[in-house]
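Trainee: Okay, here's what each chain looks like letter by letter:
There are 2 protein chains.
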Amino acid sequence: MEFGVNFFPVVDPERKSAAQYYDESLRLVELAESLGYEHVQIVEHYGSPYGGYSPDPVAFLSAAAARTSRIRLATGAVIAAFTHPVKLAASLAMLDNLSHGRLDVGFGRAFLPDEFEAFGVPIEQSRARFEEGIAACVALWSGERTVFEGAVHRFGPFTGYPRPYQQPHPPVFVASASSPESCAAAGRAGHHLQVVPSVTTRQGLRDMIEGYRQARAEAGHPGAGRIQVKYTCYLSEDRGLALADARAQEGNYVARMAEAVSSWAHTRSSQYPGYEKFADKARSYDFDRALADGKVLAGTVPEVREQVARIAEEYGPDLCLSLQFNPGHLPYERAARAMELFAGQVAPAFARPSAAVPQPAAAAV
Amino acid sequence: MEFGVNFFPVVDPERKSAAQYYDESLRLVELAESLGYEHVQIVEHYGSPYGGYSPDPVAFLSAAAARTSRIRLATGAVIAAFTHPVKLAASLAMLDNLSHGRLDVGFGRAFLPDEFEAFGVPIEQSRARFEEGIAACVALWSGERTVFEGAVHRFGPFTGYPRPYQQPHPPVFVASASSPESCAAAGRAGHHLQVVPSVTTRQGLRDMIEGYRQARAEAGHPGAGRIQVKYTCYLSEDRGLALADARAQEGNYVARMAEAVSSWAHTRSSQYPGYEKFADKARSYDFDRALADGKVLAGTVPEVREQVARIAEEYGPDLCLSLQFNPGHLPYERAARAMELFAGQVAPAFARPSAAVPQPAAAAV
Numbered sequence: 001m002e003f004g005v006n007f008f009p010v011v012d013p014e015r016k017s018a019a020q021y022y023d024e025s026l027r028l029v030e031l032a033e034s035l036g037y038e039h040v041q042i043v044e045h046y047g048s049p050y051g052g053y054s055p056d057p058v059a060f061l062s063a064a065a066a067r068t069s070r071i072r073l074a075t076g077a078v079i080a081a082f083t084h085p086v087k088l089a090a091s092l093a094m095l096d097n098l099s100h101g102r103l104d105v106g107f108g109r110a111f112l113p114d115e116f117e118a119f120g121v122p123i124e125q126s127r128a129r130f131e132e133g134i135a136a137c138v139a140l141w142s143g144e145r146t147v148f149e150g151a152v153h154r155f156g157p158f159t160g161y162p163r164p165y166q167q168p169h170p171p172v173f174v175a176s177a178s179s180p181e182s183c184a185a186a187g188r189a190g191h192h193l194q195v196v197p198s199v200t201t202r203q204g205l206r207d208m209i210e211g212y213r214q215a216r217a218e219a220g221h222p223g224a225g226r227i228q229v230k231y232t233c234y235l236s237e238d239r240g241l242a243l244a245d246a247r248a249q250e251g252n253y254v255a256r257m258a259e260a261v262s263s264w265a266h267t268r269s270s271q272y273p274g275y276e277k278f279a280d281k282a283r284s285y286d287f288d289r290a291l292a293d294g295k296v297l298a299g300t301v302p303e304v305r306e307q308v309a310r311i312a313e314e315y316g317p318d319l320c321l322s323l324q325f326n327p328g329h330l331p332y333e334r335a336a337r338a339m340e341l342f343a344g345q346v347a348p349a350f351a352r353p354s355a356a357v358p359q360p361a362a363a364a365v
Numbered sequence: 001m002e003f004g005v006n007f008f009p010v011v012d013p014e015r016k017s018a019a020q021y022y023d024e025s026l027r028l029v030e031l032a033e034s035l036g037y038e039h040v041q042i043v044e045h046y047g048s049p050y051g052g053y054s055p056d057p058v059a060f061l062s063a064a065a066a067r068t069s070r071i072r073l074a075t076g077a078v079i080a081a082f083t084h085p086v087k088l089a090a091s092l093a094m095l096d097n098l099s100h101g102r103l104d105v106g107f108g109r110a111f112l113p114d115e116f117e118a119f120g121v122p123i124e125q126s127r128a129r130f131e132e133g134i135a136a137c138v139a140l141w142s143g144e145r146t147v148f149e150g151a152v153h154r155f156g157p158f159t160g161y162p163r164p165y166q167q168p169h170p171p172v173f174v175a176s177a178s179s180p181e182s183c184a185a186a187g188r189a190g191h192h193l194q195v196v197p198s199v200t201t202r203q204g205l206r207d208m209i210e211g212y213r214q215a216r217a218e219a220g221h222p223g224a225g226r227i228q229v230k231y232t233c234y235l236s237e238d239r240g241l242a243l244a245d246a247r248a249q250e251g252n253y254v255a256r257m258a259e260a261v262s263s264w265a266h267t268r269s270s271q272y273p274g275y276e277k278f279a280d281k282a283r284s285y286d287f288d289r290a291l292a293d294g295k296v297l298a299g300t301v302p303e304v305r306e307q308v309a310r311i312a313e314e315y316g317p318d319l320c321l322s323l324q325f326n327p328g329h330l331p332y333e334r335a336a337r338a339m340e341l342f343a344g345q346v347a348p349a350f351a352r353p354s355a356a357v358p359q360p361a362a363a364a365v
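Protein sequences appear in the order of chains R and B.
Following my numbering, the numbering of the first sequence begins with 1 at its first residue and continues without gaps.
Following my numbering, the numbering of the second sequence begins with 1 at its first residue and continues without gaps.
Isolated chain R (complex conformation):
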């Protein structure tokens, strides 16, 4: 099992300024590299405290690249619907070069009606723009004088600059919220996978991961495919503190998500079946149930170790957990301490036997 660090800022400007959030997060990026985490990852959202401190993952990861030299940098995810593929492919290729080939690109469809409306993009086009975005970026990265003839975008012959550092292109991950079909499609295409367990059932997640692995194997792609699974993790020597933090921050996350998805109450899209119930789901959120159900990691070292063991058992050990340690308004010191505890005392229990170079305990993530 591998472990990375995830950033999904759910932050009220009145409680933590953007400058402070970035300062703290970039310190955590440096700490993540020094502790041996596999990647740092950041989301793309607009226009509200729900992720809105990260409208441009490339900007954050370019700063992260300048502060580090080994850790991988992942978008989780970029939204091709909101950026023209000529720009998106070029920005990501720049980041791949700025980081000397450390980029992993997660692509997402987006799901907030307010974001589509702000960009003047019909939400019904979200799948077409997602699929074309991936196809166009891969084409621009892989060849020269690219001609692209999609339903939304048509361009070329056009050569993308700069060429990506990784050849033929950076690894492509598909971010899938809850659809076994799109996981299977990602597997058939030979892409890697990002999933978010908090928005699906455990059986649903097993089906998604299994569907992905099977489709990928049947299509004959080499390797098993990399799977990043996103959790928030509250870890402390003080059990009461970890659980109190978890309850408060998860409550804040859910409240902000409920606001962000509120426009689903008066939006219907055949592309997003059932999303009109999203706000109801958010409102009926119960922290204790979520914790018991393995949707969030929280507690002391032995507890979190057990929670991770359960994940390995349910979904297989061949995963990379992308862990958010500084959600919302958590003080920097608590996030840093949790990262240290996890790297030093939880991760080593799940080290891959194949890990080539023996590392000191704290770095054996």
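These are calculated hints, taken from the structure and not from any lab test.
Incorrect hints may have been included.
Identical chains blur together in the list; that is why a pair holds if it fits in one copy or across any two.
What the hints assert, rightly or not - In silico SDA-like pairs for lysine to any residue, Cα to Cα no more than 20 Å straight-line:
#1 K87 with R145
#2 K87 with A19
#3 K16 with E144
#4 K16 with Q167
#5 K87 with D114
#6 K277 with T200
#7 K16 with G101
#8 K87 with Q125
#9 K16 with T159
#10 K277 with S262
#11 K277 with V199
#12 K87 with S48
Knowing the structure of chain R, use the given hints to seat chain B on it.
Mentor: Positioned in the frame of chain R, the structure of chain B alone reads:
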């Protein structure tokens, strides 16, 4: 007079990789800060060696922000026609926070038909998209629940996240290639100005700067407005080396520009009168004439000092020269040495008497 460092990569991938170009340029950014330069600045271009290593100024400047703490970071310029203003305003606000308020935003119209074609944007919309892009970004930065009703973009009520660090918003510069009218418009609007002397006559540049200053004063905006003027600078103790570098690199620049503008030969736009002759102009370029005409700075310390004195005399001393020291394929060491010589032996002759804090000689830029 103030001095900054400008990056306009005209680089063949076969001669210098993008990763090497960024590595060297970020080292020069750190050097620029240590030598006391006022800003670093980078362009936005796509799809060819003519600027194509910088499709995303925010990515480069975010890395630069992570490596520095005082120097200002300028886009020179971002192209609003190619990025939706909701994304552009948010990316720039992120950079403003990543850098703790060190961002200056230059907006440009773009002028390469191939770029407009790749983005599927009619070149006839370039002015509308430029003007709307500035207006929409300023509106998103300055207020909440912004409603924008433009000819191209309509959105809102929408609140941009994050809020910019600088209040009400980062300084706005208008990048103007050759039009006194657009300089006057920039002055009336209270914006700052970026100009490129290499593409206009000296009289033309005087008219542009004078028109800007007059319009700005008449409109009653406080202060004189900041004017950034872009030159490439080849400076060495060895006169022959400086001039040989200048001749070779300027030749490369003009050849790559000629390719990039070649589609003007079969493009006509009422929005770009005379641009169909751009390729001819590029082909008739003569280095010795350009040097004699003050379009490029090159030579030893006394020569470049004299060239800068002439600029101060012709356009007024109240300028910021944005100097490119590493065009095209120049080795890092030569660019770094030129920056040191300029900061140590040219800039002090033009120090503002109002400079508040005395600096050691090498830092008195």
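Trainee: It remains to establish, for every hint, whether it holds in the given structure.
Mentor: Right, here's what the structure says about each hint:
1. K87 with R145: within (16 Å within a copy, 27 Å between copies)
2. K87 with A19: between (26 Å within a copy, 18 Å between copies)
3. K16 with E144: Between copies only: 18 Å across, 45 Å inside.
4. K16 with Q167: between (40 Å within a copy, 17 Å between copies)
5. K87 with D114: Cα proximity of K87 and D114: across copies only (14 Å, versus 23 Å in one copy).
6. K277 with T200: within (13 Å within a copy, 60 Å between copies)
7. K16 with G101: between (32 Å within a copy, 16 Å between copies)
8. K87 with Q125: Classified as both; 19 Å inside a copy, 18 Å across copies.
9. K16 with T159: For K16 and T159, only the inter-copy Cα distance (17 Å) is at most 20 Å; the intra-copy one is 42 Å.
10. K277 with S262: within (10 Å within a copy, 55 Å between copies)
11. K277 with V199: Within one copy only: 12 Å inside a chain, 58 Å across chains, cut-off 20 Å.
12. K87 with S48: Between copies, since 13 Å is at most 20 Å while 24 Å is not.
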